[in-house]
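Chemist: Chain by chain, the residues:
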Amino acid sequence: MAKLIPKPKMSAAEAAYVPEIAKGLRVTIGHFIRNTFSARGSERSDIETIDYPLEKREYPERFRGVHRLTLRSDGSPRCVACLCCSTACPAQCIHIEPAEYDANDPKHGYERYPKVFVIDELRCIFCGFCVEACPCDAIRMDSGLHMPASTRREHFIFDKEMLMAIPAADGSHQTRNPRHEPGDPTHPGLDRDHH
Amino acid sequence: METFQVAALIGKLIFVVGVILLFSPLMAWADRKQSAMIQDRMGPNKASVTLGGKKISLGGLLHPLADAVKFMWKENFIPPEGDKLLHALGPLISIIPTFAAFGVIPFGGMIYLDHLFDVLPAAPGGPAFPFQVASLNVGVLYVFAVTGTGVVGAAIAGYCSNNKYALLGGLRAAGQMVSYEVTLGLSLVGCFMLYNTLLLEDMVQWQHDRGLLGWGIFRQPLAFILFYVGSIAETKRVPFDLPEGESELAAGYFMEYSGMKFGMFMMGEYVATVVTCCLLTTIFFGGWSLPLLHADGFHLFGATLQLNHLIVSIIGVLTFLIKTSLLCWFTLMIRWSLPRFRYDQVMKLCWRYMLPLSLLNILVTGIVVLLWGN
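Those protein sequence lines, which keep their order, are chains A and B.
For the numbering used here, count along the first sequence from 1 and bump the result up by 7.
For the numbering used here, count along the second sequence from 1 and bump the result up by 1166.
Only true hints are included.
Straight line, CA to CA, 16 Å or less: simulated EDC-like cross-link-like pairs of lysine to aspartate or glutamate:
id, chain 1, residue 1, chain 2, residue 2
1, B, Lys1221, A, Asp58
2, B, Lys1212, A, Glu62
3, B, Lys1212, A, Asp58
4, A, Lys114, A, Glu188
5, A, Lys122, A, Asp166
Covered by chain B, per the in silico footprint, the following chain A stretches (three or more residues, Cβ under 8 Å):
id, region
6, 22–34
7, 38–45
8, 51–63
If you're looking for bench data, these hints aren't it; they were derived computationally from the structure.
Glycine included, each C-beta is placed from N, C-alpha and C at the ideal position.
Start from the sequences, fold in the hints, and give me the full structure.
Modeler: Take a look at the structure:
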């Protein structure tokens, strides 16, 4: 059964159309004047666009960017090659080959170091589990960088030297969490010889 | 014809062609940039030239240039089943009338060559010419006659494309333009009676003699609204762009056009907008006349700031161009503020509201002119 829908009633001003046009023009001219005569990004401008390649939105402080390996004060990686990160990694993009220090090195028998540390940034899903898993604060994602584009797959395989060369967003290669070397007064004294 | 007249004619032609060639890419730019500003976008800003290692984009002003280059290099597609000759004629027929209409528009007042560098006396003499290409005694009727042929271009373009959408678009264009031609002409009859002339330059003089309140928009406000609406419909711009209504007709009558031929349609539309804004300026906004500016300088509170004839003439031409630009701006504002009509609404608006109103305007103006004179 057909249902009759009554036409909406219009007031005389609405039917005359011209006052309604004036109302519409008020809105559009308002936008036009605000956006034309105030700088983009200023308080009065309504334009939210960021002109991307020329201007970049600032990433938040906790943005998970490209990984970096943090350094000790002597410039060696903090990583002790415990394989926690590569175990935690759901994408299995971290490859570590651990190695022992020389026999006369004081760290020998105390900890290992990564001979090979490779991250396949194409496989990485940037979940941050590796950072959470690391007991030494050796791998971080606070570089503030996203992966730069490239047409070659090899460019996305980051080796140890590459990862160590990437600084944090503040430019530092270390981390704010101090490391307690054996022999330091802050060291809790838990090594293999129970010193 | 004397030498100075030939030289003046060539100069005026160069000026008019310059105005057209300047205004149509500017309109294309303004259309895009202005819509961006209205819709909180950034608009065209990428086309740039590199000068001395610095990228210069001029706020997108170079985009019309890039468009022109693109138009020239695009494939000139002609529908295989379409009519080749008519397909080529369509854009020409629709663009040439709009160019021709510029011929009678007065960009400035009379220019007296002997008095260029001194204050114009009350009774100037010597060689003189008006700042308009041709002063025809049919005046504004010539504009209607010429722009009326523009409908043929749109109809032909729709007919020769061998495309149902294009044909429907051509039909809509023809129906709409012929209908609004009637209102357009009748809405101005009141002005003719008031100004007592058909000559555009005399209309400007009439308004100039009566100062700001003598402008047509204050003497004939209804005629202004009717003529403005009619002229938007005549140039097939939003909200009257049914001939190219992309939601139902893809692109309407110029659907099968590409490259420079499409560019000509687009340019024709912009030039037509400029020409109607020129007409509006001339008939309703006092043309080249600036309030308080007289032939010998500014008059204010009985004091006179005397100016050279040349400077007064230049101010006049600039006044005309600025008024026209403001009207073009307003037309674009309307274009980006209103949604498109339905086709029956377009026809109803024309025949049931605007036509009776324009007849009423003629009646009332006639009575007023008879009783009180103009």
